[in-house]
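Required output: the full structure, derived from the provided sequences and hints.
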Amino acid sequence: MRNPRRVTSSLILVVTVSVLPMIDSLFFISESMTQDRMLQGHVFESHSGITSQFDCYRKCNASGNCYSMNYHPTTGLCELSCNCHLVVPNDFVYSLHTKYFMIRQCQVLQCSFETATFLHFPRRSVEDKIIFVEPFFSLTTFTISMWIQPDMEGSTFHAVLSYATTAIDNELNVYIKNPMINVAINNVALKSNGRKNLIGRWHHVCVTWKNDDGKIAVYLDCEKINDGTLKRGHVITKGALILGQEQDGYMERFDKDQTYKGNLTSLNIWDRVFTADEIKELSASYHTLQGNVVKWSDLKQRTHGEIQALCDPICPPFGVVSHT
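Take the working numbering: the final residue in the sequence shown is number 324, and no numbers are missing along the way.
Derived from the structure by calculation, the hints contain no laboratory data.
Each hint should be verified, as a subset may be incorrect.
What the hints assert, rightly or not - The calculated EDC-like cross-link candidates involving lysine to aspartate or glutamate, where the alpha carbons are at most 16 Å apart (straight line), are:
#1 Lys177 with Asp257
#2 Lys238 with Glu134
#3 Lys261 with Glu153
#4 Lys210 with Asp227
#5 Lys295 with Asp271
#6 Lys224 with Glu306
#7 Lys196 with Glu134
#8 Lys261 with Glu127
#9 Lys261 with Glu306
#10 Lys280 with Asp221
#11 Lys196 with Glu153
#12 Lys256 with Glu134
#13 Lys177 with Asp213
#14 Lys295 with Glu114
#15 Lys215 with Asp227
#16 Lys295 with Glu134
#17 Lys191 with Asp227
#18 Lys238 with Asp271
#19 Lys256 with Glu306
#20 Lys224 with Glu278
#21 Lys177 with Asp151
#22 Lys231 with Asp213
#23 Lys59 with Glu45
#24 Lys210 with Asp271
#25 Lys224 with Glu153
#26 Lys196 with Asp221
#27 Lys256 with Asp151
#28 Lys231 with Asp257
#29 Lys261 with Asp151
See below:
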């Protein structure tokens, strides 16, 4: 029998459990995953036609009694298991392509913007944005680092970061369209395929650029996914930095279809190019260094609309359904 592959995730997935415009709390799901293995004899609820493990998570969260789940990506079957009785090793069987997840639910409460770790963009609306006018006078070299957890699909690119001047609306942009990550400087774009599903999971995104040679690089979860040359000799001048919206004019003409929906944390900008080792360090934790050009601690207090401030998750131990 083939040995199952176990992968433990150190990140968290958000599942919104309230439909109110302003929520009291969110539940995050932390996971431990084993490939090609499933739990039998404990399934209390099954769902067919499930197209992603994130949708299976939603079913698990909604059930109120789910401690683990089997997700069969080839058939779209999602099986939820409870901790109603003792689990023994023989309950775990080999199942090709099946993913077994042990689940824990972590409560995340709203808090003040001063103490918040994450910002939650709850909807597609041109009202929800972060605005920082003239964060710098000029910029010739940068490293941009951020953690994103998008919650939107579609054929349109969604703006995480948009920087415009009075002369150029696309002076500096970071867009995503699953699995693409595009970066534009002065209306010229570098298109990058992330080669992984961006929706529903936390991902670290980092972009470096310097104008003396125009070299630009895009990193996703510590891996360089693209590089090239953009706008050699160009200087980014003073303007307006907006998160969550795409500017088609200076601080105006926003498009609801291009808004960012999901979670965001630790967006920082520095005026130098980070090394590969430094980027690896940034991707290891969202508790990271503060930028010397733009700081996350400043950005999170410049919100507009219904953006919600969330504290670090409070997580209980994993449930008694164990796959060891």
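How the hints compare with the structure:
1. Lys177 with Asp257: Holds. Lys177 to Asp257 sits at ~12 Å (cutoff 16 Å).
2. Lys238 with Glu134: Holds, at roughly 5 Å.
3. Lys261 with Glu153: Between Lys261 and Glu153 the Cα gap is close to 10 Å, so the pair holds against 16 Å.
4. Lys210 with Asp227: holds, 12 Å
5. Lys295 with Asp271: Within the cut-off at roughly 12 Å; holds.
6. Lys224 with Glu306: Given that 16 Å is the threshold and the Cα spacing comes to 34 Å, the pair is violated.
7. Lys196 with Glu134: violated, 34 Å
8. Lys261 with Glu127: Between Lys261 and Glu127 the Cα gap is close to 12 Å, so the pair holds against 16 Å.
9. Lys261 with Glu306: holds, 11 Å
10. Lys280 with Asp221: holds, 8 Å
11. Lys196 with Glu153: holds, 14 Å
12. Lys256 with Glu134: violated, 24 Å
13. Lys177 with Asp213: Given that 16 Å is the threshold and the Cα spacing comes to 28 Å, the pair is violated.
14. Lys295 with Glu114: holds, 13 Å
15. Lys215 with Asp227: holds, 7 Å
16. Lys295 with Glu134: holds, 13 Å
17. Lys191 with Asp227: holds, 9 Å
18. Lys238 with Asp271: holds, 14 Å
19. Lys256 with Glu306: holds, 14 Å
20. Lys224 with Glu278: holds, 13 Å
21. Lys177 with Asp151: Given that 16 Å is the threshold and the Cα spacing comes to 11 Å, the pair holds.
22. Lys231 with Asp213: holds, 9 Å
23. Lys59 with Glu45: holds, 9 Å
24. Lys210 with Asp271: holds, 9 Å
25. Lys224 with Glu153: Not OK: Lys224 and Glu153 at ~24 Å, beyond 16 Å, violated.
26. Lys196 with Asp221: Answer holds: Lys196 to Asp221 is near 10 Å, not above 16 Å.
27. Lys256 with Asp151: Roughly 14 Å separates the two Cα atoms, so the pair holds.
28. Lys231 with Asp257: violated, 28 Å
29. Lys261 with Asp151: holds, 6 Å
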